[in-house]
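Read off the chains here:
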Amino acid sequence: MANRESLAKILLTEADASLQSVLEVVHLEDGQVLFNRDDPGDAFYIIDSGQIRIFTFDEAGEELTLNTLKAGETLGELALVDGQPRSASASAIGPAVLRRLRREDFLEMVHNSPALSQAVFRLLSQRARHMTEYIERLGHWARLVAAGQYTQAMANIENVESSDRALVAVADAVKQMVRAVKEREEKLRKEVAQLRIEIDEERRKLRVAEIVDTDYFQDLTKRVRNLRSQSEE
Amino acid sequence: MGKGKIISIHSFRGGTGKSNITANVSAQFAAKGYRVGVIDTDIQSPGIHVLFGMNEEQIDKSLNDYLYGRCKIQETAYDMGARVGASGDIEISGKIYLIPSSLRAGEIAKVLREGYEVGLLNDGFRSLIKELKLDYLFIDTHPGLNEETLLSIAISDLLIIILRPDQQDFQGTAVTVDVSRKLEVPQLFLVINKAISSLDFADLKKTVESTFEAPVAAVLPLSEDMARLASSDIFSLRFPDHVVSQAIRDIAAIVEAAA
Numbered sequence: 007m008a009n010r011e012s013l014a015k016i017l018l019t020e021a022d023a024s025l026q027s028v029l030e031v032v033h034l035e036d037g038q039v040l041f042n043r044d045d046p047g048d049a050f051y052i053i054d055s056g057q058i059r060i061f062t063f064d065e066a067g068e069e070l071t072l073n074t075l076k077a078g079e080t081l082g083e084l085a086l087v088d089g090q091p092r093s094a095s096a097s098a099i100g101p102a103v104l105r106r107l108r109r110e111d112f113l114e115m116v117h118n119s120p121a122l123s124q125a126v127f128r129l130l131s132q133r134a135r136h137m138t139e140y141i142e143r144l145g146h147w148a149r150l151v152a153a154g155q156y157t158q159a160m161a162n163i164e165n166v167e168s169s170d171r172a173l174v175a176v177a178d179a180v181k182q183m184v185r186a187v188k189e190r191e192e193k194l195r196k197e198v199a200q201l202r203i204e205i206d207e208e209r210r211k212l213r214v215a216e217i218v219d220t221d222y223f224q225d226l227t228k229r230v231r232n233l234r235s236q237s238e239e
Numbered sequence: 048m049g050k051g052k053i054i055s056i057h058s059f060r061g062g063t064g065k066s067n068i069t070a071n072v073s074a075q076f077a078a079k080g081y082r083v084g085v086i087d088t089d090i091q092s093p094g095i096h097v098l099f100g101m102n103e104e105q106i107d108k109s110l111n112d113y114l115y116g117r118c119k120i121q122e123t124a125y126d127m128g129a130r131v132g133a134s135g136d137i138e139i140s141g142k143i144y145l146i147p148s149s150l151r152a153g154e155i156a157k158v159l160r161e162g163y164e165v166g167l168l169n170d171g172f173r174s175l176i177k178e179l180k181l182d183y184l185f186i187d188t189h190p191g192l193n194e195e196t197l198l199s200i201a202i203s204d205l206l207i208i209i210l211r212p213d214q215q216d217f218q219g220t221a222v223t224v225d226v227s228r229k230l231e232v233p234q235l236f237l238v239i240n241k242a243i244s245s246l247d248f249a250d251l252k253k254t255v256e257s258t259f260e261a262p263v264a265a266v267l268p269l270s271e272d273m274a275r276l277a278s279s280d281i282f283s284l285r286f287p288d289h290v291v292s293q294a295i296r297d298i299a300a301i302v303e304a305a306a
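Line order of the protein sequences matches chains A and B. Using my numbering, you'd call the opening residue of the first sequence number 7 and step up by one each time. Using my numbering, you'd call the opening residue of the second sequence number 48 and step up by one each time.
Calculated from the structure, these hints are not laboratory results. The C-beta atom is built at its ideal place from N, Cα and C for all residues, glycine as well. Don't take each hint at face value.
[Said to hold, decoys possible] To give an idea of the interface, some chain B residues facing chain A are shown, with a C-beta separation under 10 Å as derived from the structure:
{"no.": "1", "residue": "166"}
{"no.": "2", "residue": "194"}
{"no.": "3", "residue": "197"}
{"no.": "4", "residue": "201"}
{"no.": "5", "residue": "219"}
{"no.": "6", "residue": "221"}
{"no.": "7", "residue": "225"}
{"no.": "8", "residue": "233"}
{"no.": "9", "residue": "250"}
{"no.": "10", "residue": "255"}
{"no.": "11", "residue": "258"}
Chain A extracted, bound-state conformation:
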């Protein structure tokens, strides 16, 4: 996470003079949206005060918080590089003050500062590693859940370092999933385990009587009794 701050630091120190002229101050009220997912990615932000929540929507349309950023951190750095639409939404938690750097101004600054372009490279590679680690962790948890090793999966999820808020958010979602799966499975097991044995007693008596009341059966019982007493002698 240190690299997120370092881009801001470099921008604010090394490119200070030229930066001041292009940075634009943005004031947000509590809950106010900075940008929405799929909006054009045309700017980068440095948080001066307050907190910014990064969120998206899951398949059910429920909000899912991916990260919470605080003063000194930056957001939208990918947009500066590739200009792609926003991959998530951002809104303020409480009042917040940010400074905005437009993509076109940034590209011009990078052009003139080798230190800044190096910082961008570092940031991007850091993010790529981070994503790979993310996927590996998720894969590991999925394998544990698939194998029914819920206790181990839970212990593993609990171990997620709290400094990585995005991962903590995903870990929470997985934790909920493990609990739900486990609960459903236990419920089903109980239902199956309590396999009811229902015997129609009327039909049972009727069937037994049909067999027992025949001459053959009566005769057989007598003959077998004789046989048994003979073999015991």
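Fit chain B to the supplied structure of chain A, relying on the hints for placement.
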């Protein structure tokens, strides 16, 4: 040794794995050194010979020939020792004889049409025990409760009823247990076969035992491994370490202790 006990293995409905369990349990007894006979009284749909690797051409005289007075019953007994021994690494120190039913369509039709003197079965069982000096005679019965099956149950020293954990088998088994008690069978055990893995086996055993007031000798899982063998061999000898084979040995141990 020389006990000459009759063990009937029965199920109310077909498809319970009765023949398979009969073949496996009897083979375990032979492996222990006993002299064992296995008789296929499922004349209407014979099948246990397949498990011992026997085909139609190899069956000359059958139980049908004895029942229609064409030969003595001991002439219909085939020594399976070499066949059973060849399939696994376990040495069969005892003897295992199979008395098959005829596979000929004409013979099966004759039984269905004319029936036979059921009393002959009893005489046949006694002759087999005496002539072949059998310690145990296992009877693979015809499902249901017809006259020959009732006779087999009646003259048994020990009866094993195989059932699957489903409502139809529970109902049929209830009737079979009641009828067997009226016939004063000295020993009665239940074996649950084809139990799906999600069932709690210990709980199932307890529930069945209290419902039928009879001991459950073993709960066998529904086994894909056993199905893959497609009834072409004695599973418990070929795969002695399998969980199903352990259950088969449990049944054999319980039967040995009881009868």
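We went through each hint and held it up to the structure:
no.	hint	verdict
1	166	holds, 8 Å
2	194	holds, 6 Å
3	197	holds, 6 Å
4	201	holds, 4 Å
5	219	holds, 9 Å
6	221	holds, 5 Å
7	225	holds, 5 Å
8	233	holds, 8 Å
9	250	holds, 5 Å
10	255	holds, 7 Å
11	258	holds, 5 Å
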